[in-house]
Amino acid sequence: MSKSFKFTSFIIAVLMIAVIFSGCSKSNSTSTSSDTIKVGALFELTGSVATYGTSALNGAKLYIDEVNKNGGVLGKKIVLLKADNKSQSDESINQATKLIQQDKVIAILGPSTSTNTIAASSVAVQNHIPLITGFATAVSVTVDPNTNKVKNEIFRACFIDPYQGSVMAQFASEKLNAKTAVVYMDDKSDYSKGLAQSFKDQFEKLGGKVIDTEAYVAGDQDFKATLTKIKGLNPDVIFIPGYYQETGKIAKQARDMGINTPLLGGDGWDSPDLLKIAGASALNNVYYSNHFISTDPDPTVQDFIKKYKDAYGTEPDASAALVYDAAGMLVQAIKDANSTEPAKIIDALSKLKDFKGVTGTITINSEHNAVKSAVIIELKDGKQNLVEKVAAQ
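In mature numbering (1 follows the signal peptide of the UniProt record, and there is no 0), the protein residues as written are -27 to -1, 1 to 366.
These aren't lab readings, by the way, just hints derived from the structure by calculation. Heads up, a few of these hints could be off.
Label pairs and their computed distance ranges (CB to CB) [stated by the list, open to error]:
no. : residue 1 : residue 2 : range
1   : Leu359    : Lys329    : 13 to 21 Å
2   : Thr201    : Asp271    : 41 to 49 Å
3   : Gly20     : Lys356    : 22 to 30 Å
4   : Glu177    : Ala364    : 18 to 26 Å
5   : Gly252    : Lys50     : 42 to 50 Å
6   : Ala284    : Ala198    : 40 to 48 Å
7   : Asn207    : Ser254    : 16 to 24 Å
8   : Leu47     : Lys197    : 54 to 62 Å
9   : Ala188    : Gln74     : 33 to 41 Å
10  : Val190    : Lys362    : 29 to 37 Å
11  : Leu359    : Gly180    : 20 to 28 Å
12  : Thr9      : Asp276    : 22 to 30 Å
13  : Gly205    : Ala284    : 46 to 54 Å
14  : Val190    : Ser254    : 21 to 29 Å
No experiment lies behind these values; they were computed from the predicted model shown. Every residue, glycine too, gets a C-beta built ideally from N, C-alpha and C.
Using the sequences and the hints, build the whole thing.
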């Protein structure tokens, strides 16, 4: 074989390898040259908190549809790729991995709960893909508790547990004149434990006393034994920082037992299914912190409610509103970055300021939390009534 033939063969082989690796590189990286932008929608569409995920997906779709009808962003249409984590943390990891590595999304909206978001965040951080949760309020969603460092890729459209726990403690002390409280929490939930601690710290700082802390686990059905103990303690308020599946049952069983003490909670109480689970008569003298209330006369809120009702035939809850805002934050970041490159979107999100959302005006702080106002809602026969708006802190 001649030297020239060998050399020619070598050059051809090198070129073929280069083409192969070039193709692999393109298939394994996030594409920014396409005429579409792929965004993951990772939510709890089935499982124990499916109403959160369903509302969240509806909110995301509503915003993205509006953007696409108006020409998209940077001349590109957004394709929303939904994924169901089944309300489970391990499935949150699996679905986040699929969205990033197989579907090649440039960003993820969701999940809804803190535990599921923390799980998914590990994948987003490892792959340097921005993730914006609408509804996850635990501190450790955006700050790694092992290092106390901010997770560069993780953001949220909601306030955090220390804020809403403090808001509810102050409300209990100053508005309800409570001197004693019992905390009844889900001790397997990052969300519930965080709220419980912040409520206790602020309530006792204001001169109150948490006289007992009791625990349940998500999925429990019978709360009567613990409620009997709490009834005997006769606290001024009972703080139940959990999700609607359990808090609805607790409220019903408490009222059936003659416990008429004010029941307090966080945004996990907000769900259309709460009324179905507890019944209207059990949902009196109930107060909880939230991000949004549909009776707010703000034109931005009312316009959103009309559009949501037109699209889905039902009234939106806070989960829908928050993820509508999360989608808006993402689109604004893409515009501000003038790019669909994840790193540039992350940088733009970290600098987001005074974004006008349905749930308030949002500024992202140094820990990637949304600085914004809260609302306190009172339930009367299961119907929401605005008690007060609490300014951003």
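Taking each numbered hint in turn, which are not upheld by the structure, reported in ascending numerical order? Going through the list in order, the structure violates no hint and respects every one.
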